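J.: One-letter residues, chain by chain:
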Amino acid sequence: MTHPHRQQGQDSVERSVRVLVIEDGEEYIRNLRRFLPARFELVRAGSGGEALALLEDQLFDVVFLDMRFDRVPPEALLGGLEQVANRFNGDLDRAQRFLEDNQGAYVLAALRDGACSLPVVFSHDFTNEPRRWANLEARYAPLDYLADNAGPEEVSERLGAWAEGRCVR
Amino acid sequence: MRTGPPIRAGWLLVLLALGLSLGAPPSASAGWQLSELDLAVLDPGARAVLEEAAVAEARGDLDRAAARYRLVLHRDPTVVPAVLGLGRVLAASGDVEGADRALASLPHEAEVVFARASLLEESDPATALKLYQRLESLALGSSEPYLRQALLLADADPSMASVKLQTWWELHGGPPDEDAVAAVALGLKAAGALDEALALLDQVQATWPDQEEPEQLRGLRDRISVEGEAGRLAAGGTVPLSAAQAQDLAAARSEFAKGRLDDALAALRELLSRAPRSPELWATVGDVHLARGAVEEAERAYVAATTLAPDQAAYRARLGMLLAERYGGRRHREAIAELSAALALRGAWAELHYRLAQVQREAGRFEDAADSLRAYLALEPDGPHASEVRSSLVDLERRRPTAVAILGSSAPSDEVPDPARHAYRVARVYRGRGDAEQARVEASRALELAPDYLDAMLLLAALALEAGDEAGATALYQRCSEIAPRDARLLLTLGEMHQAAGHTTQAEQSFLAAAGAGAPEARFLLADMAAERGELREAQRHLEAYFADSTGGLAHEPARALLERIQRQLRMARLAMAGAAGLVVLLVGAVVVRRRTGASVRVLLEREPASYQEVARLLSAIRHEVLKHNTNLLGSVADRLEDGDEQAAHYAADRLFGEGGEIGVIGRFEGYLDELERVGRRHGMRLNLRRRDPVLSPMNKAMQRLRGLERSLRRPHRASRRLHRDLRVLSRQLNEVGYRAIGRLIQDVSVQQVELTLLQTVYRRVAAEPAMDGQAPALLELEGERLQAPVRIFRKDLEDIAANLLRNAVFALIEELPAAERRLGVALVEEMDPITGLETTALRFRDNAPRPLTDAILRGRRIERGLGLAADLLARHQGVMNVETTPAELRAGWTKAVVVRLPRAEQAEHEEDET
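For the protein sequence lines, the chains are W and S, in the order given. Everything in the first sequence is counted per the numbering used here, starting at 1 for the first residue and increasing by one. Everything in the second sequence is counted per the numbering used here, starting at 1 for the first residue and increasing by one.
Same shape as in the complex, but just chain W (with noise of 0.2 Å):
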């Protein structure tokens, strides 16, 4: 698999890797500095747009993915909020939650239609929706997912594996 935004030449297990965290917030970006080993360099990007015209200047080796996005303002959700609303019988309220509960189901698919192939990982507890992971692994590989009460540590052992080709879904 080819990942034309993955950094190149450096095969130390070590080398550091770059991440892009797309959140709508900054506890994960605060958390994973404060506490993740100082090879991993990361980068914050508030929503789907701005993650993609991150990806259009810099090299990324893997993505870290939230899935609530309630914090961005309704015009910067990717998906179409008006044509969500058809789908609520014009209800833009629940449209609007819609999109902010999962849009980083759109920013994923955005990504994927921007020809990026990087590996993601959401931040999202799919154990209990195992048949929706299924329908999101058989679109979006290479995907992965972390649960809500995963530590600095298994992030960044999960992070890393995606980033050196050793993690297999």
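Hints were generated in silico from the structure; no laboratory data involved. Predicted model only: the values in this text are computed from it and were never measured. Note that beta-carbon positions come from the ideal geometry of N, C-alpha and C, so glycine has one too. Check each hint, because a few of them may be wrong.
As the list claims (entries may be wrong) - Not close to chain W: a few residues of chain S, all C-beta gaps over 12 Å, as computed:
| hint | residue |
| --- | --- |
| 1 | E121 |
| 2 | Q438 |
| 3 | A462 |
| 4 | A467 |
| 5 | V591 |
| 6 | G708 |
| 7 | K796 |
What the hints assert, rightly or not - Restraint ranges, calculated between C-beta atoms of paired labels, are given here:
| hint | chain 1 | residue 1 | chain 2 | residue 2 | range |
| --- | --- | --- | --- | --- | --- |
| 8 | S | E816 | W | A141 | 48 to 54 Å |
| 9 | W | E154 | S | R678 | 32 to 38 Å |
| 10 | W | A141 | S | P770 | 57 to 63 Å |
| 11 | S | A888 | W | A134 | 23 to 29 Å |
| 12 | W | A53 | S | D382 | 56 to 62 Å |
| 13 | S | A888 | W | Q83 | 19 to 25 Å |
Said to hold, decoys possible - Here are a few chain W residues that face chain S, going by a calculated C-beta distance under 10 Å:
| hint | residue |
| --- | --- |
| 14 | Y28 |
| 15 | A85 |
| 16 | N86 |
| 17 | G90 |
| 18 | D91 |
| 19 | D93 |
| 20 | D101 |
| 21 | T127 |
| 22 | L136 |
| 23 | Y140 |
| 24 | N149 |
| 25 | A150 |
| 26 | P152 |
Assemble the complex: chain W is given as a structure, and chain S must be docked to it using the hints.
T.: What follows is chain S alone, placed relative to chain W:
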């Protein structure tokens, strides 16, 4: 002012007041009376029998009264009071036909004709109308027949009703009859004669300019004016909203739903300027006004909606309920008209039948209320109001019992001569007429003839008491007690008189005697006196004796309340006697009991499944906002501390315990526990989450232990090695055990398998409803029978959604297609959103009714035909409803599919492996 000749005013008032309808018994207190003139024309024998009949009627012994009246008429069939009396008692017994026959025997006596016309107003209004017309000549100059004709004609011929009302005015000369004017004006309005209706109201106002216009008429005038104006708008036809306008309306509704009423109203007003002929818009404006408490504006808006769309049941229902609920009952007549009109358009609206019944009952239209309740039961035999409705129907249909036949004479003594008895009866009649003086004269005469006549003596004593002569009354009662020392009622009365006079000892003696003579109420009075003295045990003994002897009566409730109060006081006294130590023990015990009782979240979800959404939201919030980003750092903090990184501890402390006045994660967790307990209380359950909940209690303990580590985390250089271990243990408890336990709790709520067999069962019920009249398609065409899709929804809600959609489709088919062409079907389809991976279960309700139904129409007419109800239920379970038709469906001959989508319920991987 002219007045009518000989309809004797007394009779008219009596008859009008009584309202000769079934179940409206006359009584002495209601005012039936024999005048001196009535009695004077009779021979003494007939007079005595007529008096007996009157007394029997007053006592409620209708059979005896009828027999006595008949006896008089057998002697002389032209005795008007006897004819009227017989008609009255037969009507009160429910024998309207018999009453009619009796009253028809004197067709030329104005009073009798009037009584007959009043009797027949409900059951045979055409005959009643003719009788009132006859009274125009039989009772020349009398105004009443014209008023009655106006009321009878108000709906059928409002123009003629208006003419009759004018004549009534001319003859009556007094202020207008508000109800009659309203009835005629409404009739004119219903007939489309708005100008005539307004002219009538103007005339009332002009004729009595000094009188303030009654609110009912003022409201009616406003309404007619608005309807006229709206009618002019409707002259151009209603104009549905464009797609953009529909979106604006949806946005305004969204503001309304969020409680931003002013913003919603501003948006709606702006939209109205662009779309003034949209009834759905007017209806929404009405809703917002009503929520703001602006009742008059709401009414105007609803009137506009109903005028623009008079065939929309929902708008008429809204207007009807506003009139019923917001005018204190003054506009019930109009409310009934609107609600009835709504039901004429949508007869299977069960809830509305129920509401209409309530309004009818409050308006005194009991027969109509009973009909409405029966209609509700026919539609919803197991509905939410079914039990109450059945009970109400029993009460409404209850017939007046006939009086118990008393065999033989109840006279206590043969020593009372007949003249004395006669004088006593006359005295009672006079007393009933309010003529105390004459009653006293006759009762005294009875006593002169029979000095020990107890009944006459008691009557005199009661008259003395009413006149304020307590001393005289007491003396008489004493004399009575000498004659009948064991008369319980007498002893009770004596006791009350002594008590009122402050003679407590005598009062107690009398009450004790009364209790011994068989008056259990005396025991209650004794208990009351003892309680006042503070002798609680004695009071309790008296009350126990009371309840042993009494099964009901007016004293029952007060006695029960007194007993509870006394028992409470005795308990408190025992507590006080137990002393401070005992009190402490009790308090501690109460605390222990409180700590050891209370339900868990799982029990709440099982017993109150309606709480699921709120509970799930809060549990998810605990997982996402407490555990995620926060406590899941604890393990890493422990590792860093071991490496000497003290800053990690500071970082964690700020997040856990808060900084700069911000509440930390532990505080947030406790806040969520409080919110969960509030949810429990709202659903009638006391939760004990901190000590008894198997999921949250361990997490709470862990949080409290974490709180205990604040000092160590803020000063890690002073912390012991134990801190690292504690952090790891707590991390495991919270982020592994607790996190998974919460996840299971959210998942473990009853899941419904959607199968087409369930829908088949619902359809059979719908097709059998009376409103369907056997015209529903026999076959429900199913597709996807093999599928079983789990969704998270209560079974009853799913059935209600299906029933409403099926019903809606069947009504459309019945209205628009001949029987042979009607088709109805349901398809079960599983869908997956390719972007989010979420799966939904779709039920496609298909029909081939020609009239189109689109999403825009669905949004605009959400309340009509059960679609609104289905949409509301769906929204509660995160479902959605759209109208779609696939090309395949069109090819198969369907014209539309109303598609209901619900999120598919998933099971965790480990559970799926196990199944």
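J.: Could you run down the list of hints and mark each one as holding or not?
T.: Status of the hints after comparison with the structure:
At roughly 50 Å from the closest C-beta of chain W, the C-beta of S/E121 stays outside 12 Å, upholding its exclusion from the interface. Every Cβ of chain W is farther than 12 Å from the Cβ of S/Q438; the closest lies at roughly 78 Å, confirming the non-interface assignment. The Cβ of S/A462 sits about 72 Å from the closest Cβ of chain W, beyond the 12 Å cut-off, so the non-interface label holds. The Cβ of S/A467 sits about 74 Å from the closest Cβ of chain W, beyond the 12 Å cut-off, so the non-interface label holds.
Listed as outside the interface, S/V591 is consistent with that label: its C-beta sits roughly 35 Å from the nearest C-beta of chain W, beyond the 12 Å cut-off. With a least beta-carbon separation of about 22 Å from chain W, S/G708 lies farther than 12 Å from that chain, consistent with its non-interface assignment. The beta carbon of S/K796 sits about 23 Å from the closest Cβ of chain W, which is more than 12 Å, so the claim that it is off the interface holds. The beta-carbon spacing between S/E816 and W/A141, approximately 51 Å, falls within the hinted interval of 48 to 54 Å.
Taken as a hint, the range 32 to 38 Å holds for the pair W/E154 and S/R678, whose Cβ atoms sit roughly 35 Å apart. Taking the beta carbon of each, W/A141 and S/P770 are about 58 Å apart, inside 57 to 63 Å as hinted. The hinted range of 23 to 29 Å is satisfied by S/A888 and W/A134, whose Cβ atoms lie roughly 27 Å apart. For the pair W/A53 and S/D382, the beta carbons lie near 60 Å from each other, so the given range of 56 to 62 Å is met.
One distance hint, 19 to 25 Å for the beta-carbon pair S/A888 and W/Q83, holds here, with the actual separation near 23 Å. Hint status for W/Y28 relative to chain S: holds, with the closest Cβ pair at about 7 Å, below 10 Å. For W/A85, the shortest C-beta to C-beta distance to chain S is roughly 8 Å, which falls under 10 Å, so the interface hint holds. For W/N86, the interface hint holds, since its Cβ comes within 10 Å of a Cβ in chain S; the closest pair sits about 7 Å apart.
Here the hint on W/G90 is kept, as its CB sits about 4 Å from the closest CB of chain S, short of 10 Å. Taken as an interface hint, W/D91 checks out: its beta carbon lies about 7 Å from the nearest beta carbon of chain S, inside 10 Å. Taken as an interface hint, W/D93 checks out: its beta carbon lies about 5 Å from the nearest beta carbon of chain S, inside 10 Å. At its closest, the beta carbon of W/D101 sits 9 Å from a beta carbon of chain S; the interface hint therefore holds under the 10 Å criterion.
Hint status for W/T127 relative to chain S: holds, with the closest Cβ pair at about 6 Å, below 10 Å. A least Cβ separation of about 4 Å between W/L136 and chain S falls short of the 10 Å threshold, and the interface hint therefore holds. The criterion of a C-beta within 10 Å of any C-beta in chain S is met by W/Y140, whose closest approach is roughly 9 Å, and the hint holds. For W/N149, the suggested interface contact is upheld, since its CB lies about 4 Å from the closest CB of chain S, less than 10 Å.
The criterion of a C-beta within 10 Å of any C-beta in chain S is met by W/A150, whose closest approach is roughly 7 Å, and the hint holds. Evaluation of the W/P152 hint against chain S yields a held restraint, the C-beta minimum of about 4 Å falling below 10 Å.
Hint check: no violations occur; every hint is consistent with the structure.
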